[in-house]
Amino acid sequence: MFRQFLILISCLVMLTSPAWAETSPREVVEQFQEALLTSMRQGDKLSFQARYDQLRSAVSESHDLAKIARIVVGRTWQELSPEQQQQLVETFSRLSIASYANNFKSYSGESFAFKRQETTPRGGVVIHTQLQIPNDDTVNFDYMLKETGGRWQIINIIANGVSDLALKRSEYTAILNRDDFATLIAKMQEKIALYSQE
Amino acid sequence: MPRTYLPILLLTVLSGCATTQNPDDPYEDFNRAMYDFNQGVDDYVAEPVTSAYQWVTPDFMQTGVSNFFNNLKGLNTVVNSVLQGKWQNSASATGRLAVNSVIGLGGLFDVATPMGLEVDEEDFDQTLGVWGIDTGDYLVLPLFGPTTTRGIPGTVFDTAMNPATYIGVIPLQVMQVIDARHQADGALNFVNEAALDPYIFTREAYLQWRDNLVRDGQAPPAEHTLDLYDEALFEEDFQD
Chain H
1 MFRQFLILIS
11 CLVMLTSPAW
21 AETSPREVVE
31 QFQEALLTSM
41 RQGDKLSFQA
51 RYDQLRSAVS
61 ESHDLAKIAR
71 IVVGRTWQEL
81 SPEQQQQLVE
91 TFSRLSIASY
101 ANNFKSYSGE
111 SFAFKRQETT
121 PRGGVVIHTQ
131 LQIPNDDTVN
141 FDYMLKETGG
151 RWQIINIIAN
161 GVSDLALKRS
171 EYTAILNRDD
181 FATLIAKMQE
191 KIALYSQE
Chain C
1 MPRTYLPILL
11 LTVLSGCATT
21 QNPDDPYEDF
31 NRAMYDFNQG
41 VDDYVAEPVT
51 SAYQWVTPDF
61 MQTGVSNFFN
71 NLKGLNTVVN
81 SVLQGKWQNS
91 ASATGRLAVN
101 SVIGLGGLFD
111 VATPMGLEVD
121 EEDFDQTLGV
131 WGIDTGDYLV
141 LPLFGPTTTR
151 GIPGTVFDTA
161 MNPATYIGVI
171 PLQVMQVIDA
181 RHQADGALNF
191 VNEAALDPYI
201 FTREAYLQWR
211 DNLVRDGQAP
221 PAEHTLDLYD
231 EALFEEDFQD
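Chains H and C are the protein sequences, given in the same order.
Position one of the first sequence corresponds to residue 1 (this note's numbering), numbered consecutively onward.
Position one of the second sequence corresponds to residue 1 (this note's numbering), numbered consecutively onward.
No wet-lab data here; the hints were simulated from the structure.
For every residue, glycine included, the Cβ atom is placed at its ideal position computed from N, Cα and C.
If a hint is listed, it holds; no wrong ones were tucked in.
Pairwise CB distance ranges (calculated):
hint, chain 1, residue 1, chain 2, residue 2, range
1, C, Q183, H, S106, 13 to 21 Å
2, C, A52, H, E190, 28 to 36 Å
3, H, D44, C, V49, 28 to 36 Å
4, C, W87, H, D137, 21 to 29 Å
5, H, R41, C, A164, 34 to 42 Å
6, C, Q54, H, E90, 36 to 44 Å
7, C, Q54, H, K115, 32 to 40 Å
8, H, Y107, C, P23, 35 to 43 Å
Based on the sequences and whatever the hints tell you, model everything.
So this is what it looks like as structure tokens:
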């Protein structure tokens, strides 16, 4: 019941948020990174659920989770029923937010720096950034964004040359080929449960 | 590990494998078996030993040990930078090796990094890649872990270029293995936590990571990303 209330509230908040059309790809990325840093700074004071709630809108507004979920299952998408497609998008969204809430919970002076922006041949934009970690090697984070309905959203993150989308796509399609849709969803839910244990 | 028998073992096992869907991983059945074997060794030997090492050794000593072994790899970077025609990187790597070996007390302290002497690590597998040799097939070797058919001569060369190989002190070799496991600890934990299928996660991340090293992170990620789409999805994704 409380959960439904939270979802309702976040929907209302989304309706009243400023026009996204005005947000540039670089701003989308920087606002998202700022939300991650905030979660990291408060990490030890907040519970998993509190971090999850805090990151929910930041992740789902900056990422086109529906499109990402569709890409990672490859051709199987067309074979799924509308209910299964919806279940996949919902589970995938929860898993994405949960993994951020689980991984960005401690802070030791990290910061993101914008490097450059490039436009892809098909009208996408790649924002190149660097995660700077005190006393450690920097990590390159490249965000690939596409514009849908006048709004720029992240569809892929490439960390030190490793594409998150490619990685997930290989995993998800392999599970779908070897097992089936129900197994995939079960494995995703298992991860969400694992992340939510402190 | 009796390395001499390894090629024979490999040939015998590989020839019996059925081909699978991923073109980069024709020996998936064998690789999965080796992955499970390595995982078992890790669960029962390497991980407990590493945990014990991390528990009894102060942090600064662990860092010193890692610095020491990383410094020994510096010679390999010097040589491979030359082989790839990266003179600047080779010069920096030489400076780094000298500074850390002398001022850093044989490599125990990494004094070069704060001085701004940072280099791209180069190894022979990357050199072969720069020379235009294809990555080859993905392989998981017992105890060694992920590699490719190009990575095998790469590893042989790198091992020959590492001074630790020639120091006939067994504790040093053991320490090197423990340190390698210690340095990989965070990544291994992450894989186990994040992956829906740890085997595939490791394979894809390894192949992409090596590929990126060969290109020194220079390839346009956009092109790279676009390859991911099936033709049909690709059109659909970019028409709307």
